[in-house]
Structures are given as C-alpha cells and as structure tokens.
Amino acid sequence: LLLILIASISRATNPPLTFTGTEIEEQVFIADTHCMNVSAGPTQKMNLFQSVTSALDNTLAGDPTAVIFGEDVAFGGVFRCTVGLRDKYGKDRVFNTPLCEQGIVGFGIGAAAAGATAIAEIQFADYIYPAFDQIVNEAAKYRYRSGNMFDCGKLTIRAPWGCVGHGSIYHSQCPEAFFTHCPGIKIVVPRGPVQAKGLLLSCIADQNPCIFFEPKILYRAAVEQVPTEAYQIPLSQAEVLQEGSDLTLVAWGTQVHVLKEVAAMAQEKLGVSCELIDLRTILPWDTETVCKSVVKTGRLLISHEAPVTGGFAAEISSTVQEECFLNLEAPISRVCGYDTPFPHIFEPFYIPDKWKCFEAVKRMINY
Amino acid sequence: LVSCFTVGQHNGLQHLRCDLHRLDEGPSVQTVLTREDGLRYYRTMQTMRRMELKADQLYKQKIIRGFCHLYDGQEACAVGIEAGISPTDHLITAYRSHGYTYTRGVSVKEIMAELTGRSGGVAKGKGGSMHMYAKNFYGGNGIVGAQVPLGAGVALACQYQGKNEVCVTLYGDGAANQGQIFESFNMAALWKLPCIFICENNKYGMGTSVERASASTDYYKRGDYIPGLRVDGMDVLSVREATRFAADYCRSGKGPILMELQTYRYHGHSMSDPGVSYRTREEIQEIRSKSDPITMLKDCMISRNMASLEEIKDIDATVRKEIEEAAQFATSDPEPPLEDLCKHIFYNDAPLEVRGTHPWMRLKSIS
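Protein chains in written order, with UniProt numbering: chain X, 1 to 367; chain R, 1 to 367.
Careful, some of the hints might be misleading.
Stretches of chain R that chain X covers, calculated by requiring three or more beta carbons in the stretch to come under 8 Å of a beta carbon on chain X [claimed, not checked]: (1) 55 to 68; (2) 143 to 149; (3) 171 to 177; (4) 255 to 268; (5) 336 to 342.
From the derived model, a few chain R residues whose C-beta atoms are all more than 12 Å from chain X [to be verified]: (6) 187; (7) 325; (8) 332.
No wet-lab data here; the hints were simulated from the structure. Note that the Cβ used here is the ideal one computed from N, Cα and C, for glycine as well.
Construct all of the structure, not just a fragment, from the sequences and the given hints.
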C-alpha cells in the first residue's frame, strides 16, 4: 500500500548563476511500505503529530509515573501533539510550565531522578539552548558522576526541529550536532509517523536521558497507517530503506525523503543504484550498518539541513574513512546547509535540496 | 477648541493610578495634555494600529511569511514610553516590536518592506518581523528574555559614557519567569545601572495565562530589591507619566527601576495562533469596547473640546493612505539579491565581485 502525499515546501531550481524567478517544485513524501511490520494489530491513519499523541497516550495509560510538561502543552501544544491528554489523564499529569527552558529541563531531570517518567517539551528546538547546560552538565553526567547511584534515565525531551518553509532564524534550526558532542545522552530523529511513535516509545522506555527531535514540517504533511497500540523501534539501529550497489546515501528526518527522490533520479538519469539509509538514532549511531553499506558500494553521501561545518555528517565521514578507507572509490560527500544563520527569505537557496544532492552524486560517480 | 487640560484622578477613567513597590512617592497624579501632543499620540497610535491590521491582511494573503507577532491593543505602551524619554535614550524589546520600531523613528514603509522581506526593509530584508533595528533601538529579539541582559549592558554603556542617557528594557509576562531576567536585575541593582525594566503584562504568554504561569503576578514587585511601579498600560498618559518618573529616577543615579504596564493584545500570540483557544471572544470584545487605548484618547480629547470629530477623521484618512502606500511599496519592492545570503556573517566580509567566480563559491554546500 503506497501512499503518496504532497508536502507544501517551495524549492527553487538553482543553477548557480542565473535566476529567472522561483519555480515551485513539490516535494513528495513517500510513506514506507516495509516498516508496516513494526507491530501487528489494528492501525489508524495518523499524521506525525497524531502519532506522537498516540505514543504519549500509550505511555500515560501504561505508566502511572509518567508526566508530560512544557510550554502550552495543556491545551494541546502549539503543534497539537498533546491534544486531549490533559482531559484524559488529569492536570497533575499533563501541565504547563512557565516560560523557562533551563527550568523545564532541570525540573525534568529532578523528576526523573526521583522516579517519574518525565517527558519534557521544548516548544521549538531553537529554544533549547538555555537548557544546554542542564542537558550536557546535569542530565548526561548524572549516572557517571554518582557512580550509578543516581540517574535521570527516565527523562525524555521532545522538540520540534528543522526547516518549515518560512521559519527563519529561530524556528528552523537543527541543533543535534551540538548535543552529539556529549556522551551520556541519546538523540533520535524520526522520518515519519510510524517511525516517530516507535522511536519515541523506545526513548521513553530507554534508561538514559533522550532528546527526540520531531521534524515540524512533517507534522501535518506525513500521513501513514500507524498501529494504535504501543510498539518500540530499537534505538541505535539505522534502517536500510532501499538497497543499492553503487552509492550509499545517509540522512535523518525530513532529508530522508529528499534523498529518496535523489535515489530515484540517480537510477533514472544516471543508471546509478543507491542504497538509502535512515540513521534514526544520531547518538549513539549505528556505525556497523553504515560501514557495511560503504564497504559494498564504495561511495558515501551524507546530507543534513544543519550547517556543514561541525555538522554531524563530519563525524560520520571521519569514522567511515577510518573504517572503510580502502573501499572508498571517491571522497565522502556532505551536502548540507551553508555556514550562515538560517535565512528568512533565502531559505529555498539555503537548504540542501535534491538538485544539490544530485550534483554531488554525479561528481562522486564521475570521480 | 481647548489647547490643553489637566488630567487628574477625578475624571471617571482611572487615570494615573499607580501601585508602588519600595517607593515613597510615585509619578505625579496630574499631568497636562496639550492639543498638539494629544493629536500626535492619536496619530501615532492609529498608524501603529492600522499598520498591524494591514500586516494581518498581508499575512493571510501569504505576502508576509514567517512568524508575525502583532501589537494591536498595546499601542499606548509604545507611544507613552517614547513620550516619556528622548530620542537619545536607548530601547530594546522582544519580538512584538513593530510598534517600537515605528516610535523609534523607522517609517511604516521600511517596516512593511521588512515584513515582506524586501531590500527596502529596515534590515534589508534579512531580518523579518522580529529583527528590526534603528538608531538607539536594539530590536527586535526572537529568543524570549534574551534581550534583558543586553538591555542591562546598554545601560552600563550609558552610565560609563556619562551622557545622562537611560536604557528602556522591555519584556513580557511570559519572559518574567526566565532566569536571565533575575540575573539582569542583580547586575543592574549591584552596579546602579540606569536601566528601566518594563514588563508589558498582556495577561498571556503564548497560550498560558499569567495565573497559570507565575507564582506571583505582581510583576512590578518581582525585582524584589529594585523599586517598582505598576500602571494601566492602556492609558497613554499614565504610561507617559510613569516613564518620565522612571527616567528621572534612573538619571539621578539611584539605579534601576521596574515598571509593569497592564495591557492587552487583541490578536493571538502570533499569526499562527488564533488567540481564542485559551481566552474567550467576549473577553477580547470587552477590552476592545471599554479600554481600547485609541478610543479612550479620542473620547478624552473630543469630550474636552480639544479636537473635533472632523479632525480625527482627517487623521484617520491620512493614516489609511499612508499605510496603503506603504503596503504597495512592500509588495512591489524587489527582494534582496542572493549575494546578501552570505553577507554580514562576520565583520568586513570580503567583496565577492571577482571576475570568473560567483558568490556561491564561498559558501560550501557540497563538501
């Protein structure tokens, strides 16, 4: 059952020198077929925010210690991820916090350390920085510095993430790279509703503090048949979405769908067979799956919206060249955002769209 | 027509009532409003109102994109504050900043062109709604509460340079719970900085009412050791007197002071928020009919024979025309050139007009 839906992203064609005007191209979001097997049982058509609500609903139902808090979550949240939960489970389990990210995460760490399953929402990933100290210095190091006497493994932080077409500087950021530099936490980014629910439930169940970034542009645009009961998708396991022999493509979140298109373009226009991998868990990442794939294909392209310098593609690239040096047919390519603040009006030119990725594929094949 | 009158406590409307914290005396309870000032305040507020409503219209037509936080309902705050300080004083606020951009001297044309992201905008189209700046106006800041330590820093510069200037630092009821606000209070009080902290309490932080966000809703007392006053933010004269008092206090070297303006916003938090899921339409209607700042000033002036209805109507017509022209400019002005994407990241970016290359050479997207 293949569901094809159109997401409302405007992307411009961009041969570098001449621009006659913006040409709108429509991004195709393709729901997965093979991951329907994540769970037996009844399914329901859900978009991404509904699948998040479903996961939270399952959690609150099954775990009496679970609490959800954050800015404006009580009425349902600014992206409607918590609609109906307060009415169903009570205002002592789903409640608003004041506007204080550092306080929200710190409070969440404390609640988790004392035994509650704490699910904190940061309204936009762009606002997570006041909580950076709490996440990096407190949450990530709690178990280590107390010799395993204390931990805040029951903490999960959720935040909307990524470009949205008009978000500009403070509503479009992808900050995962900042946190990957910190041992002790896990970072997960889903590509669609089925993945989101399973991965979120795994994060909540995982006994380490987890950050779960939800691609906000997919909240409404991505619709799939999602199992209504609880199920988990294992963390630190990348998924091979499409097998290929010539080139490995790696991405996470929204960019996976861009690369799906690129793989199709590569097959059609260049006769190149691409293997597409969704990393899913950014930290700790599945080095084995990626390296095995590169050993097979000899070429690797990694793509993410965050700026290229210091982005997570750099880490993947470095590790893969260490492990697979003699298998590489071409230098590893990273197609990412520019090293500028996320622009307002220039967004279509900033993002690593399919044309930039396709160009990189061509260069690698012809190397 | 009467050229001026004295406004005092006996006028039926609660003019110039003031709550004090750690202050023996407050602003004068009587003030003189001249016809000239009255008409100017009316015209400024009406311009701001119509500008915001036009922005609403353009946003719904998708000519303005991104995030847009409208100021209608709160005009008396911006106009009253500006009337109480001088153009050489400094001001910084958060993202609901179109009104302040106007009172600090930027034309409506430039504001609207910035909203639509065109090169004629005050930030050359690169900032958008939340990032507009002018001389002695430091924006326009997207991250909640982050502008308050900046304001304290500007106040330090004022003190250091000895030019008898003050810095007005604004934040909202939601931001009042941010940790960095209290850090700023401490520094300002410790070093006796000439900083007027102003909390624009419009009763809601996004979707959370003040009672549900703050343990103490007496925001003017939250400075603790910093003296505070609270006035009706819907009355332009109250705001003006309170600001004059606060500015005198700071200029005399006594240190910072905190002011709370009780006001209201008619629109939702931003254009993405309908604004009725956490408050009733009746509430909005009631404020609009009983406490609208523009209506109150108009009635005040007409009932005292300071202005005729025809004059007011003329002003309205002139303002409408000005806004129409500005909107016309904002929709027809060209977008900033693509080279601007990589300008102003660092100081003194190298010029990129080198023959045989193009601007995109410098920005790496494909590594």
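Hints, verified against the model:
1. 55 to 68: With 3 residues close enough to chain X, the hint holds.
2. 143 to 149: holds (count 3)
3. 171 to 177: Three-residue rule met by the segment 171 to 177 of chain R, so holds; n is 3.
4. 255 to 268: Coverage by chain X is violated for the segment 255 to 268 of chain R (0 residues, Cβ < 8 Å).
5. 336 to 342: holds (count 5)
6. 187: 17 Å, holds
7. 325: For residue 325/R, whose nearest Cβ neighbour in chain X is about 22 Å away, the distance exceeds 12 Å, so it holds.
8. 332: 15 Å, holds
In summary, the one numbered hint that this structure violates is 4.
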